[in-house]
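Can you build the whole structure from these sequences, using the hints too?
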Amino acid sequence: MLCALLVVAAVLVLPRPVRRLPGRPRSVAPPAEAATLEDAAVALVLLAAALRGGGGTLECLEAVSTVDPTPAGRELGVVAAAQRWGEGHERAWSRVGPGWAPAAAAWHAATAAGAGPAGLLDAAAERIRVAESRRVESAVQRAGVLLVLPLGLCFLPGFVATTVVPVVLLLLGSLG
1 MLCALLVVAA
11 VLVLPRPVRR
21 LPGRPRSVAP
31 PAEAATLEDA
41 AVALVLLAAA
51 LRGGGGTLEC
61 LEAVSTVDPT
71 PAGRELGVVA
81 AAQRWGEGHE
91 RAWSRVGPGW
101 APAAAAWHAA
111 TAAGAGPAGL
121 LDAAAERIRV
131 AESRRVESAV
141 QRAGVLLVLP
151 LGLCFLPGFV
161 ATTVVPVVLL
171 LLGSLG
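Take the sequence shown: its letter number 151 is residue 151 in the UniProt record's numbering, and every next letter is one higher.
Read the hints as simulated data drawn from the structure, not as lab findings.
Idealized CB from N, CA, C, for every residue including glycine.
Cβ pair distances, simulated, as ranges:
#1 E87 x E126: 22 to 32 Å
#2 V136 x L172: 43 to 53 Å
#3 A81 x G54: 21 to 31 Å
#4 V165 x P98: 53 to 63 Å
#5 T111 x G152: 50 to 60 Å
#6 A34 x G119: 21 to 31 Å
#7 G144 x A123: 25 to 35 Å
#8 V148 x W85: 48 to 58 Å
Next up, the structure:
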């Protein structure tokens, strides 16, 4: 009787295995969204503030990763977990996107010098913001050029047909 109760309790309490039906594709989790550069810069400022507050580097990385709901927080959590598992700083920062390169360089410089990384992380956040604003400004200028080209191609034939052709016909008519 006791065995039967234990089996019933185990069936009710333990999660049921998910069975895959034949011919049915497995569901694939959507790929994780990468952090934007602006989110990364904000996360670095939060991390620098936490480090200035006196926390340890791993604890601050984990704290920012828990309070930052953006993908940048998740990526800082990846760095923290990698370091927690014993990976070096370079390897841990290589696990996140290339947008974190200034942060990785600042982190490496601070640890190599034995200094606190807060000031360098603030500078890295500023470099990320400046690079992103330059990229956006360049894209806006490129879009302006790309918008003018079709407009010129559309209006140039109309301009030639309404102004240049009548003047040339008038001049040819007065010569002959």
